[in-house]
Structure formats: structure tokens, C-alpha cells
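Trainee: For the protein sequence lines, the chains are S and U, in the order given. Heads up: the first sequence at position 35 corresponds to 35 in this note's numbering, and the numbers run straight through without jumps. Heads up: the second sequence at position 101 corresponds to 101 in this note's numbering, and the numbers run straight through without jumps.
Hints are computed from structural coordinates only; laboratory data are not their basis. A portion of the hints provided could be inaccurate.
Said to hold, decoys possible - Derived CB-CB ranges, DEER-like:
hint	chain 1	residue 1	chain 2	residue 2	range
1	U	G16	S	S11	17 to 23 Å
2	S	S11	U	Q41	17 to 23 Å
3	S	S11	U	Q18	42 to 48 Å
4	U	T14	S	D78	46 to 52 Å
5	S	T81	U	A38	26 to 32 Å
6	S	Q57	U	G16	22 to 28 Å
7	S	T30	U	Q17	35 to 41 Å
8	U	Q18	S	S103	48 to 54 Å
9	S	N21	U	T112	30 to 36 Å
What the hints assert, rightly or not - Beyond 12 Å from chain U on every Cβ pair, some chain S residues (computed):
hint	residue
10	Q37
11	G40
12	D54
13	M55
14	Q59
15	R60
16	T62
17	L64
18	D78
19	D83
20	S84
21	S103
None of these values were measured; they are calculated from a predicted model. Each residue gets a CB set at the ideal place from its N, CA and C atoms; glycine is no exception.
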Amino acid sequence: GEDVEQSLFLSVREGDSSVINCTYTDSSSTYLYWYKQEPGAGLQLLTYIFSNMDMKQDQRLTVLLNKKDKHLSLRIADTQTGDSAIYFCAEKGTGRRALTFGSGTRLQVQP
Amino acid sequence: DAGVTQSPTHLIKTRGQQVTLRCSPKSGHDTVSWYQQALGQGPQFIFQYYEEEERQRGNFPDRFSGHQFPNYSSELNVNALLLGDSALYLCASTTIKVAVDTIYFGEGSWLTVV
């Protein structure tokens with residue numbers, strides 16, 4: 001079945017760049033998403049990338065996709081304390097209606 | 001533009017009881033999915049509704065059922081509640097009418113079963 005893996009924790013200093021990594025197993029993945037979840041809240045869609053792209057930039061966010069290695073990353077430039085949250089990678093495959101999520105990466109930003 | 005709205009935000013139920021959670025999709029969306037997020041885990045897909053029918057279902061027992069109304073809003077019902085049903089229940093909406101599949105989530109309903 002489909003599987004998505006993420007590292008559990010990342011700590012960075014304010015102003016540095018953060019890179020959160022994700023690997024997935026489904027070669028039919030068509031869309032890959034990044035969501036942010038703050039404590040006690042729902043999921044906020046940050047960005048997404050279609051599988052025929054290898055990079056997408058949106059303000060401070062850069063998504064890189066290596067389809068051959070099934071590896072996705074989210075880079076946050078100039079990380080701020082307000083970026084502290086859990087970040088989820090999710091994928092959706094051809095013909096499937098469900099998102100498959102990783103377990104989330106907790107980003108801690110040190111002032 | 002209203003996003004995905006869910007109610008109630010928090011509720012406490014007793015084992016064996018039944019619960020109904022509600023969701024209104026983002027304006028312009030016609031497809032609603034429900035997810036369960038246990039503490040410390042990623043969300044797990046329960047099912048998806050489109051045109052008032054269940055279109056796909058995840059690995060959840062029949063105690064979990066749903067409904068979609070003509071105005072695209074949806075309900076999730078859970079019968080015979082177990083302690084393990086305690087979780088954040090998230091509603092997601094999208095539409096199949098556009099090429100790009102952007103999926104938005106609500107703030108969720110926190111269910112505690114005691």
C-alpha cells in the first residue's frame with residue numbers, strides 16, 4: 001500500500017532556512033501536498049506540487065520533487081518563530097480520492 | 001470567502017453512545033472527505049462523499065457512516081463509541097470541476113470518549 005515517511009523533529013534558529021523532507025512509495029502519486037498544523041488547530045494548506053513538476057516556489061516556500069527517488073522537500077526561507085508547528089507531507093495517487101499522510105515533522109524555531 | 005467549517009469544535013461522549021459531526025465545505029466545493037487524526041499521528045482517511053454518495057472508503061468499520069446533503073454539507077456519524085475513537089475529526093473539501101486538486105481542511109472536531 002501507499003506509505004509516506006517523514007523525520008519526526010527539526011530544530012532551527014530564527015532567520016535560518018528550514019528543510020523538511022518526505023519520502024513516499026506510490027509511483028502513481030499525482031499530487032503532493034504540504035500542510036501546517038499549529039497546536040489544537042486543523043490543517044492549513046501551504047502548497048502543493050503536481051508530479052510532472054520538479055520545483056515550485058511560493059514566497060518563502062520552495063518545494064523540490066525528485067520523482068525518481070520519490071523524495072519531496074519543503075524549504076522555508078528566513079524561518080520565523082511563527083513557523084513553529086507540525087508539517088505534514090501528503091500524497092494522492094491516480095484514481096484515488098484519499099490523501100495519504102506522513103506522521104508529521106515538528107519544527108521548532110529557536111529565537 | 002468562507003473556508004471549511006466544522007461543528008462542534010469539542011465534545012465529550014460516553015462509551016457506547018453515538019455522535020454526529022457536521023461539515024460545510026468551502027464555497028464552490030462539492031466534494032467532502034472525512035479524516036481521523038489520533039494524537040501524535042497523521043490524519044487517516046475515513047471516506048469521501050460526492051453527489052450525495054460515498055465514493056471511496058478507508059479502513060474504518062461500519063460504525064462510521066456519513067451523509068452528504070444537496071447543499072454539499074456533510075455529516076459523520078459514529079455509533080457504539082469506543083475509547084479508541086477519541087481523536088480530532090477533520091473535514092476536507094475540494095471540487096472535481098477544476099484541473100488542480102486543491103484540498104482544504106477545517107479546524108476539526110475534537111471528540112473525547114470516556
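Trainee: Evaluate each hint against the coordinates.
Mentor: Okay, the hints, checked on the actual structure:
A hinted range of 17 to 23 Å for the beta carbons of G16(U) and S11(S) is inconsistent with their spacing of about 43 Å. Checked against the hint of 17 to 23 Å, the C-beta distance between S11(S) and Q41(U) comes to roughly 21 Å, which is consistent with it. A C-beta distance of roughly 43 Å is found between S11(S) and Q18(U), which places it inside the suggested range of 42 to 48 Å. At roughly 49 Å, the beta-carbon separation of T14(U) and D78(S) lies within the given 46 to 52 Å, and the hint holds.
Judged by the Cβ atoms, the range 26 to 32 Å given for T81(S) and A38(U) holds: they are separated by roughly 28 Å. Look at Q57(S) against G16(U): about 51 Å separates their beta carbons, and that is not inside 22 to 28 Å. Against the hinted window of 35 to 41 Å, the Cβ-Cβ separation of T30(S) and Q17(U) comes to about 40 Å, which satisfies the hint. The given range of 48 to 54 Å is broken by Q18(U) and S103(S), whose C-beta atoms sit roughly 30 Å from each other.
Checking the proposed 30 to 36 Å range against N21(S) and T112(U) shows it holds: the Cβ atoms sit about 33 Å from each other. The Cβ of Q37(S) does not lie farther than 12 Å from every Cβ of chain U; its closest approach is about 9 Å, which violates its non-interface assignment. A cut-off of 12 Å between C-beta atoms contradicts the statement that G40(S) is not in contact with chain U; the least separation is 8 Å. At the 12 Å boundary, the C-beta of D54(S) stays outside the reach of chain U, the nearest C-beta of that chain being 17 Å off.
Look at M55(S): its CB is around 17 Å from the nearest CB on chain U, clear of 12 Å, so calling it non-interface holds up. Listed as a non-interface residue, Q59(S) keeps its Cβ farther than 12 Å from every Cβ of chain U; the least gap is roughly 17 Å. For R60(S), the non-interface assignment is confirmed: its Cβ lies about 19 Å from the closest Cβ of chain U, beyond the 12 Å cut-off. The Cβ of T62(S) sits about 19 Å from the closest Cβ of chain U, beyond the 12 Å cut-off, so the non-interface label holds.
The non-interface label for L64(S) is consistent with chain U: the shortest C-beta to C-beta separation is roughly 19 Å, beyond 12 Å. Even its closest Cβ contact with chain U, about 25 Å, leaves D78(S) beyond 12 Å, as expected for a residue assigned away from the interface. Distance check on D83(S): its Cβ is at least 19 Å (rounded) from any Cβ of chain U, clearing the 12 Å threshold; non-interface status holds. Here S84(S) stays apart from chain U, with its beta-carbon at least about 17 Å from theirs, past the 12 Å limit.
Not every C-beta of chain U lies more than 12 Å from that of S103(S), the closest at about 5 Å, which undercuts listing it as non-interface.
Violated hints, listed in ascending order, are 1, 6, 8, 10, 11 and 21; each of the other numbered hints is respected by the structure.
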